[in-house]
Amino acid sequence: MFANRLQKRFRHLKKWALRTNTGAFRLYDRDIPEIPLVLDFYGNCDDLQNAALCGALYKRPYEKDEKEEEQWLTVMKESAATALGINQQHIFIKMRQKQKGVSQYEKISKTRFEKIVNESGLKFKVNLSDYLDTGLFPDRRLLREVIRKEANGKKVLNLFSYTGSFSVYAAAGGAASIDSVDLSNTYLNWAKDNFTLNGMQADIIQIWNFLEKKSRGGAKAQREENESFNLLVRADVIEFLEKSITAKMYWDMIILDPPAFSNSKKMIDTFDLNRDLIELVNKCLKLLLPGGKIYLSINLRRHVPTIAELETEFKNVKVTDLESKIIDEDFKGKKIPKAFLIEKS
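Residue numbers (this note's numbering): 875 to 1219.
Simulated from the structure, these hints should not be mistaken for lab results. Quick caveat: nothing in here was measured; it's all calculated off a predicted structure. Honestly, I wouldn't trust all of these hints.
[Claimed, not checked] Lysine-lysine pairs mimicking DSS-like chemistry, simulated, CA-CA at most 30 Å apart:
hint, residue 1, residue 2
1, 1206, 968
2, 981, 1160
3, 1087, 1160
4, 1023, 1122
5, 1160, 1212
6, 997, 941
7, 984, 933
8, 1199, 888
9, 1192, 989
10, 1199, 1117
[To be verified] Derived DEER-like restraints, expressed as beta-carbon distance ranges:
hint, residue 1, residue 2, range
11, 1060, 910, 26 to 34 Å
12, 875, 968, 20 to 28 Å
13, 981, 1176, 23 to 31 Å
14, 1090, 906, 53 to 61 Å
15, 1006, 894, 24 to 32 Å
16, 945, 1124, 27 to 35 Å
The C-beta atom is built at its ideal place from N, Cα and C for all residues, glycine as well.
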């Protein structure tokens, strides 16, 4: 059943992936209830020997013997490898359950199985073996495209920037400047690699250096010094927002794709999206120029606010649900995280 489903899905998606130059897409998403796997394809559909699969087994709602589960997973990998002609050593399946703290970002292996994948004319590095997530989320693909189309000439701020894929798209769209904020050295360096892969320069900078640089005249000073317009800022996002508000800094576009929860030791306080969403967006609105836009991605399983609730919370804004614009071919009929456009009047 599993092998047949994979073959059918691959036949359906192959022409689309080749036509759109999509090298990372959702192939299987718990389509068969008895097989609660999610699998993404990475590579070129015409070169399956060098392609790979990466995904997760979602924790079952009942207890299952660990050894039996490992044997079951081995059979699933063998079935997938045979069905698609992919090397079984290139198939990575991790156990995914409700994450606490920053565990979804912690290293779980040192295998370092990395690939460079294409997406809409851009290139991104993915790591399929060492973390629960690979560095590129297929379900945000069309939202990245929206950012590229809107970024031309804009000053862009990307918060919780992770591996910088939104920032690379903004740069490809002709953004005037891009400031990407994350607390992890690992992901800032990964983001820099992604810029380099696409022939773009990006500089990693500490928050105090960033504030000093901006106080000297921002983009004008950067141009005079022949420095990068793409700055990767190592900072706690909440601290960054508060210091930027005090410094009276402003952006035309803010990309806000926060984790559901984080309690990194490097942070000033814990971050809980359920608790902190409204305050987070309010801080962003203070940094947004009139007519500016916030692209808000909300990855919550519990209550996700409606347009009416968001417009009640935030005055003088227009909120648009972006769902109809960001569901690509491989996610049709599937649930993806909500995304909203918040425009400041």
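* Is residue 981 close enough to residue 1160, meaning Cα to Cα at most 30 Å? -> Since the Cα atoms of residue 981 and residue 1160 sit roughly 35 Å apart, the hinted pair is violated (cutoff 30 Å).
* Taking 27 to 35 Å as the hint, is the beta-carbon distance of residue 945 and residue 1124 inside that range? -> 57 Å, violated
* Asked: Taken at face value, is the distance from the CA of residue 1122 to the CA of residue 1023 at most 30 Å?
  -> 27 Å, holds
* Are residue 1199 and residue 1117 close enough, with their CA atoms no more than 30 Å apart? -> 34 Å, violated
* Does the alpha-carbon distance linking residue 1206 and residue 968 stay inside the 30 Å limit? -> 24 Å, holds
* Satisfaction of hint between residue 1212 and residue 1160, Cα-Cα up to 30 Å -> At roughly 23 Å apart (the allowed maximum being 30 Å), residue 1212 and residue 1160 satisfy the hint.
* Beta-carbon spacing of residue 981 to residue 1176 - inside the hinted bounds 23 to 31 Å or not -> 28 Å, holds
* **Whether the CB-CB distance between residue 1060 and residue 910 falls inside 26 to 34 Å** => 29 Å, holds
* Starting from the range 20 to 28 Å, see whether the pair residue 875 and residue 968 falls in it by beta-carbon distance. => Taking Cβ atoms as reference, residue 875 and residue 968 lie about 22 Å apart, which means the hint holds.
* Asked: Is the Cα-Cα distance between residue 1192 and residue 989 30 Å or less?
  -> 40 Å, violated
* **Straight-line alpha-carbon gap residue 1199 to residue 888, limit 30 Å** => 22 Å, holds
* **residue 1087 paired with residue 1160 [C-alpha distance capped at 30 Å]** => It holds: about 20 Å lies between the C-alpha atoms, which stays within 30 Å.
Checked against the numbered hints listed earlier, the structure breaks hints 2, 6, 9, 10, 16; every other hint is satisfied.
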